[in-house]
Structure formats: C-alpha cells, structure tokens
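Chain residues, written in single-letter form:
Protein chains: 2
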Amino acid sequence: MSKDKKLKIIPLGGLGEVGKNMMAYEYDRRLLVVDAGLMFPENDMLGVDYILPDFDYLRQNADRVDGIIITHGHEDHIGAIHHLLNVVPAPVYGTPLTRGLVEVKLARNGLSSRAELRTVEAGTKVQVGPFEVETFHVCHSIPDAIGLGITTPAGLIVHSGDYKFDQTPVDNWPTDFAKLAEFSARGVDILLADSTNSERPGWTQSESVIGPALDEVFRTAPGRIIVATFASLIARMQQVADAAIRHGRRMVFVGTSMVDNAKIARKMGYLEIPEETIVSLDEALNLPKKEVILMCTGSQGEPSSIIGRLSTGTNRQFDVQEGDTIVLSSHPIPGNEEAVSKTMDRLMRRGAEVVYEAIAAVHVSGHASSEEQKLLLNLVRPKFFVPIHGELHHLKRHAALARQVGIPAENIQVVENGQVIELTDGKLTLGERLPGGYVFVEGETVGEIDFDVMREREQLARSGLVLVSASLDKYSSRLLREPDVITRGFISAEDADRLLPAVRKKVTDMINGGGLDDEKTISDAVRNLLYGETRRKPMVFVSITKA
Amino acid sequence: MSKDKKLKIIPLGGLGEVGKNMMAYEYDRRLLVVDAGLMFPENDMLGVDYILPDFDYLRQNADRVDGIIITHGHEDHIGAIHHLLNVVPAPVYGTPLTRGLVEVKLARNGLSSRAELRTVEAGTKVQVGPFEVETFHVCHSIPDAIGLGITTPAGLIVHSGDYKFDQTPVDNWPTDFAKLAEFSARGVDILLADSTNSERPGWTQSESVIGPALDEVFRTAPGRIIVATFASLIARMQQVADAAIRHGRRMVFVGTSMVDNAKIARKMGYLEIPEETIVSLDEALNLPKKEVILMCTGSQGEPSSIIGRLSTGTNRQFDVQEGDTIVLSSHPIPGNEEAVSKTMDRLMRRGAEVVYEAIAAVHVSGHASSEEQKLLLNLVRPKFFVPIHGELHHLKRHAALARQVGIPAENIQVVENGQVIELTDGKLTLGERLPGGYVFVEGETVGEIDFDVMREREQLARSGLVLVSASLDKYSSRLLREPDVITRGFISAEDADRLLPAVRKKVTDMINGGGLDDEKTISDAVRNLLYGETRRKPMVFVSITKA
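So the protein lines, in turn, are chains A and B.
My numbering puts the first residue of the first sequence at 822, with every later residue one more than the last.
My numbering puts the first residue of the second sequence at 822, with every later residue one more than the last.
These are calculated hints, taken from the structure and not from any lab test.
The beta carbon of each residue, even a glycine, is placed where N, CA and C say it ideally should be.
Mixed in with the good hints there might be a few duds.
Label-pair distances were calculated between CB atoms; the ranges are [to be verified]:
1) B:1022 to A:1144: 24 to 30 Å
2) A:1140 to B:882: 36 to 42 Å
3) A:1333 to B:877: 38 to 44 Å
4) B:882 to A:1349: 36 to 42 Å
5) A:937 to B:1182: 51 to 57 Å
6) B:1250 to A:1134: 24 to 30 Å
7) A:1140 to B:1135: 46 to 52 Å
8) B:1109 to A:885: 50 to 56 Å
9) A:1246 to B:1037: 37 to 43 Å
10) B:1230 to A:1030: 27 to 33 Å
Please work from the sequences and hints to get the whole structure.
Given below as structure tokens:
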C-alpha cells in the first residue's frame, strides 16, 4: 500500500461537537464527505445567526471529492449543504426522505438546478469513488436515518451517525441489528459512534412513550393545543397527528419550514395524515377551540419563532389565550435552557398551560444513552474506537465506556475537530492538524466575522461606549465650542445628566487649560475619570478636529 | 381586627425566582424581613456583576422594620445584607454559623460596626416586633440552616427556607420533623415552601452519598486533587476534609472567600479539620502531588475564578498539570451550563481528569424534590399554600403537587415578585402590586444600569459600531479632508479594508457632491450602504464639524 493509500478520517465541524455536522474520509487521494450541517451560536457569539463547519480543506480539494452522503434530514446534518455545494459540486446521496428534505433546502436557496441528488435506500450499497458504502437503518427522531459501513482496501469502518436502539419505534423499523452483527463478523477496523448522551445512564426511552403522554394532554386540554418542536422532527409530527385523529381534532402546520417539511414527508409517504385532518390556519382559527391542534416551531425559545412571538404577544395571525395548552416537545439545546425557561414563564403569564419534558413524556432523546452505546460497541466489536458527535467531555466519557466493555485504552482515539486520524497497515495514528474552526454566518455575511470582532463586541456589550468630539481653532488650539459627549449602553439618561458635564469639563480643561490636543491622552483621561466615578470601563473614542 | 391588622406577605426578590432572595412579612404596620441575598445575572444582562432585589419598599418604610432574619449563610440569602443595612438599619438574626458568615461579609464591606447581630439557635423562639418567630432546623447544603414558624394574631405561617429531608445528613442533624408536626397540630394557616426542585421526581439524594464518591476519586487519582465548589458550601468542605484525612492527603483552601468562610466555620465548630491536615498553598505546592488536595471556587465556570483561570492557563500561583484530577462539586446554575461545559473541556485539554456530577455522585442538590415537597405538605397540612423560591414554571408545578395531596386549588396562590398576598379573617387574597424588579450592580455602580442601557448594549453587541467624522469648511461646506471612519465589533480588519473606502466615498459624495451636511441624513445613508453590503445593522454615528 503506498503512502497515499492510507485511510484518513477528518472531523471537520461541530462547534465543540467533534465531527457532528461534517466528517470527511480520504483514501487514495479521493474524498467522501459525510453530512453537511450547521450549528447554532453559543451565548457569547454575539450577533451570529448560525455557524458553518470550516470546510476549507474540501474547498481546496473540491476536485477530489467523489460524493457527499447525508445520514438524515435534521438541520445539524443538512443545514450547510447549499454552502458546501457552492464550492464542492459533488453528487449528494441520501435516503428518500433525506433527499426530499435536501431538495426543500436547495430550492429555498435557489440551488436546485445545480445539485446532483442520488437516492440510496437504507440497507443498500453504493460505490462512491474508492469507498464502498453500505447503509444501514438506525432509529433516530426522524424517519429514514442511516449509519454507514465504509469499506476501502485499508479496512472496514462503521460510522453510526445519530442513532438510538429503540425497540418499539413509532414506524416499527428498529435499528438494523443484523447488519451490525454482519459487520462484526466481517471484522470492523474502526467504529465511529455518536457520543451525545454518553453521560446519561441507562437506555433512552422509546419514541412510543410519547403517544400516551400526548393522549393525556389531548384528553384534558380545555381548549386549543399548540405543539412546538423542530421543523425536521418528522416522527413527532406523525405522533401529534395520530393523537389529533384519536381525539377528533384538526391539525394545522404553522410556519414555512414546518409546512414545507410536512409537505415533502407526506408526499413521500413518511408522514401519514388523512387529508380531512389537515386544515388551513384560517380554518383552524375559526373552529371550536377544542377541535384544533396547531404545530409550529419555537421549542428552543427563539425570539423570532412562532412560540417566541406568542410569548411576547407579537405574533401576527393569532395570540395565546387563556385555556390554550402549549406542548414544548423538545429538549433545550445546551445554552438555550434560560431562554426556554423564560419563554415558558411568559406563556404562563398569558394564561396558557405549558406542558414540557420535565413534567410529562412529551419528548424523548433521539440519541443512544450509555447502555446503548455499550451495546453498539459489543455488537460491532471494533478493533479501534473513535468517539464522535459530542463535546470533549462527552467523547472522554464515551471512551471510558468503551474501556469498560474491553476496548484497550491504546485503541481509542479521542480527537477534536481538524485533527486527522490515519489508519495505515492496521494501525491508528494521529495525522496532520488542519487549521480552521468555524465560519460565522450573520445576515448575508459568511465568514467575515472573526474572534477579534467578537471580542470587540463583548467589550462594547460589557460597558458600552462614550464618544467625545471636540473642534479646535487651528491657530489658538482652543475649543471653538463645548465638546460633544455621547454615550450608548453605558449609563442611564439621568446618570448621564450628572456624569457627562464632568467629562465635558475635563476635556475643556485639558484643551483650553493644558494646551493638549492629543486624542489618546485625552481619551485616557476620560477613561480614568469614568472608571473613578463608576468602576467601569466603557470604550472611549475621542475625535479632535482642528479648523 | 382593624384593616391594618391583616398579615401581608411580600415577595421581594429573586430574578424570576419568587421571594428566593428576600421576603417581607407585615403585620400591624410592622415589618419582618426574611433573607437578604443577591442574584447572579442572566446571559443577556451584559456587563452586570450581580443583582439585588428591589427593596425600595423597605427603604421607604425603614423605620417600620423590626428585624431581618437570615435562614442560612449562602450568598443568595446573605449576599445583599450590606446593601440592605445601608438603608434599613434593623437588627439581624441568624443561627451561629449564619451569623458568622454575615460577619465575614460585613467586615469585607466595612460595615461591622454599624450592624446589630443577634444569635438565634435553631429550635428556639424569638420575638421580633409583633412576630413570634420559632426557628426549626432544616437540612440543606450548609449547616445550621433554619425554617421559620411565624405567629401573629392573623395566624401561623410556616416558611420553609431552602430545605431537603435528608435522612442521613453528614452532621447527623435531620430536618426537625417534630416541630413541623407540632405546627400541624396547632393548625398552620399558610405554608410557603421552596419550589426549586418541583420538576424533579422522587427524593433528592442524601449528602452522605458524596463521601463514597469522593473516596473513589481519592483512591484512583494519580496526582493532585482540586475540588471546586461554592465558597459557602460548608458541608462539602467537611466531606472533602474527611476524605483527605482518610486518604492521607493535606488540604489547602484557595481564594479569599473560601479561606474566610472555612476559617469562621472552623472557629465556630461547624467545620472540623485537624490542624495538621491544613497546609498553606506554598506548602501544598511543594508536597508530593499524591499528598495534596486543593479546594477552591469556580465550579460555575466563572472566568475570573480559580478554576476559570486554571482552564485558560492564567492562574498566577499554579497551573493545571497532566495527572491533576479536578472535581466539580456543584450543579450548574441555570444559564451557566455552557460555561461549565467549556471550562471542563479546557481543563481536559490541559491534561486534567475532570470528575463532575453527571459521571459521579460528587454533588447532590440541597433542595427537596417533588416527593419531599409532598411530604412537607402532608406533614404541615396548611390551609393555604404559597409556593416560593422558583421561577413561575417551578411554582406552577409545586402548586400541581399541592393539588395532588389534597390542597384545594382555590387555597393555592401562585404569585410573582412584588405581588403582595394578604391574610385577613382567615382568607387569602391578592393585595397591591409593588413596583420594582431588580437592581443591577456593576463595579461600584448600584442601580444606575437600566433596561434601556441593556438594550443599547445588546444592539452594540449584535453588530458593533461605525463612527464617521467629517470636517467641513464653514464657508464652502466642502470637506476639509477625507472623512474618518472607525469600526468596532462590526467586520474583520480585512473586510474593513474592502468596505470602508465605499463608506468614505459615499460620505464624500453626499457632502461635496450633494451639498449635504445633516448628520442624520448621512448616517441613514451609511446605514443603508452597510446593510446592503452585509445585511447587518451596526450602530452608526456621524459627526460633522464645520470650521
């Protein structure tokens, strides 16, 4: 095997979550990309809308990419596909539902014509360049999700994707144990597996516990029911629709992404709702309240979502009313806990009953917990193990579980994004470290925001700013008029009335009294004065004009 | 009973957590204050250090306050005491340890001489104005915590404070069931109880599970052990010290608040550590690594704490080393989850093992879970129930538990801070609503930051700022020189190189070409230009000087 014929594993994206949103495999200089998802910004990433994995390596080697395979249709696995296809025009492979959801996304971004989409059914095989990819069905909170068995001359790799071992899934399609056992019999060189829930003991509950919990809500709700979840949680839509039918309610999907995804999933047979159950929003708002269920987004407390707007009384088409029951059918993404909690309180203040994960089984995780992770390890019995899809502490915990089931510590590699792993002659070693990180998307701006800019924002956010502008006579170097002082985000208007005259006096004294005209000296003095008065350090800008 | 002789319950503070940090009871125009704690800012309260309850009502009625009683020595119950005593100079009552911790706090704020502190032992009675207060011991994560039975002619009120029913507490002092039963026999009019964990099923684990978990860590740690927790978690200090002794390690407290609190708790006999176990930091750093345990703050991921500085490699006296074991012995306060998770990952990158609540029983909650809350309700059997200490959704959940155990829905009042409740002639009704909310503390500034200022900061933080300054000839109204353009927190330096010339050109064209000199017109044009190029809206300031 030549040097180039080693297999490289390249975790590219995931905001701390290793390889969560994008991975690449390289063999014989050919590349296979797995997933193209986006990430949501953390609390200290001020102003950022969303984040892309840094796929500069793929951009630079676009002609070497033979294909992009998408494991399932959630935003964190398909949300960056249009950005990726802009620079890496390779064919995209996915199961029928995944393909449908990718089509919706591409259409919304005007890319439909340029993309080459190829359907691959779960349980079938596809050759992508030198990679023989065998897909196998996995349970997750969306139908038609897959994991991958990837064979090259370097060996067999199993890539779990997001998965859980649901024994009673809503679509009666359990994770493909037989295929995993078959891989095991063949001999798996490396298992890469989802670490999201490695800190959760036991087993993740089955999706089927949600049906009875919804029944209880539907049975007791005195008026309208509003269910909020992610627009890509197709399995949840099915369960809500089934409950609606059982309890004689009509259903409406509200919001573009919800409507579009439901439409494609129904068209493709992954979401079965009789035509008479679905109504328009107008119809829904005119039906008796006990006969309606609305399904929308906003379960993460996003201010611009429907639930966010309902909570602040700023939704256009309808309001929350006394007697409404709101079901938040999701788990807060780390960092969103506070926003979700506040949103719930606001909805309650408007008279709604709010039902949520902590008090009723209206949501279960789509990811395997630690006992399931051990089961996967024991089923697949890989030589090497690489935990993926998690922050460093999740990966370390997953590695500890792997040691518990007998994988030798030296056969486990815990890496972070950008760290290439190489499989050569049956040995797993660390390869190069790619530069990179994340790419911030803000409005139409992709990648123009960097950490320097973020730091400046943080400083502005912490104490605000003070602007001083002074015009001096160019001959006498004395002030032509009193200096202007403006503040933003620093002190309240009444405190400004007290404090700003002192700033004006200080600047006036320095210029007229001290003969100074240096912007830096004056801004340092203003900064010191303000610090002395308030113990805070706003950004201070002084502009001196001579004329 | 005259109109003034009704009893008023006044929940004053707690950042969404009702009455968490401060409550007041009013009878016959006399006031009893319970607790004086501070709150930690939420993620969107940019730049705020901490928050005080708005006790304007107490300030206005300072001469009517007969006493302040503190239920236990945690920051969220004593942290505002110096601010309160500045305007309400009433005697402060607390158990010996609580009093000691209050003294430490007052000394640090130069208020020792002005405060009148009175000791009240758990299980005793004290008359404060018209309030007969019977204290009873409760288990919590600090020794010497109490709840209150408050008798006035209007009736008997039980105020739980923070509590749990630990059957095997570390100090062998369970919650005072007998006193609760006695209150019940006398007939309790209103129970006010801690709702923090109303969403947690079952019972909170006993503090005594922590000892064995620490033993496991101490047994396997290959080098130094660093335990991080809150400086006021005295019970945790005892458990760590006991483990240190069992495993032959010496112990050092690091950080002022940790050192001061340990000192007072040891002096008063609430923390028993033999002299030979305690070493100085210098000694600790020179001992063999296997013989040392350091105890410090920073379990919430606070950047300026010792753990925060260790995680970023900016601690002065020592660094994290390969082989160190760091134990985070606390639960993230809501909103801190992300910071804690990042801090753990940073420590791991520096080679430390990190042990935390999710993977080992190194922390248990100090608050009752739902089965304990039901037990308290059944023990006390109050006529009325008012859930306190929790956000609205916690209170609503606690109210649901109360209905489950048979309290009629109409006898339960769920209120938010500032909403007065009145007990008159055996009836519980809503009283006035006090204005108010929170008071932000930032550096030396108390209360000068309002929500307007916070909104400006948010706007600055979201997209940064652009400053344009232009000098015009006062006769020709043409530019004397090219306009200056400065940005902060808006775009990266390289993008600025591309974008700012366009801004300068636009401004030049408007002034020299269009004869404009109006700051607003020009700043609107700059804003539109920038929005067109970036789809973002920085704050734009234009300053035009004519000379």
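How the hints compare with the structure:
1. B:1022 to A:1144: 24 to 30 Å: 28 Å, holds
2. A:1140 to B:882: 36 to 42 Å: 39 Å, holds
3. A:1333 to B:877: 38 to 44 Å: Holds, at about 42 Å.
4. B:882 to A:1349: 36 to 42 Å: Check passed, 40 Å falls within 36 to 42 Å.
5. A:937 to B:1182: 51 to 57 Å: The hint (51 to 57 Å, Cβ to Cβ) holds, given that residue 937 of chain A and residue 1182 of chain B are roughly 53 Å apart.
6. B:1250 to A:1134: 24 to 30 Å: Once the Cβ atoms are compared, 28 Å apart, the range 24 to 30 Å for residue 1134 of chain A and residue 1250 of chain B holds.
7. A:1140 to B:1135: 46 to 52 Å: The hint (46 to 52 Å, Cβ to Cβ) holds, given that residue 1140 of chain A and residue 1135 of chain B are roughly 50 Å apart.
8. B:1109 to A:885: 50 to 56 Å: 53 Å, holds
9. A:1246 to B:1037: 37 to 43 Å: 40 Å, holds
10. B:1230 to A:1030: 27 to 33 Å: 28 Å, holds
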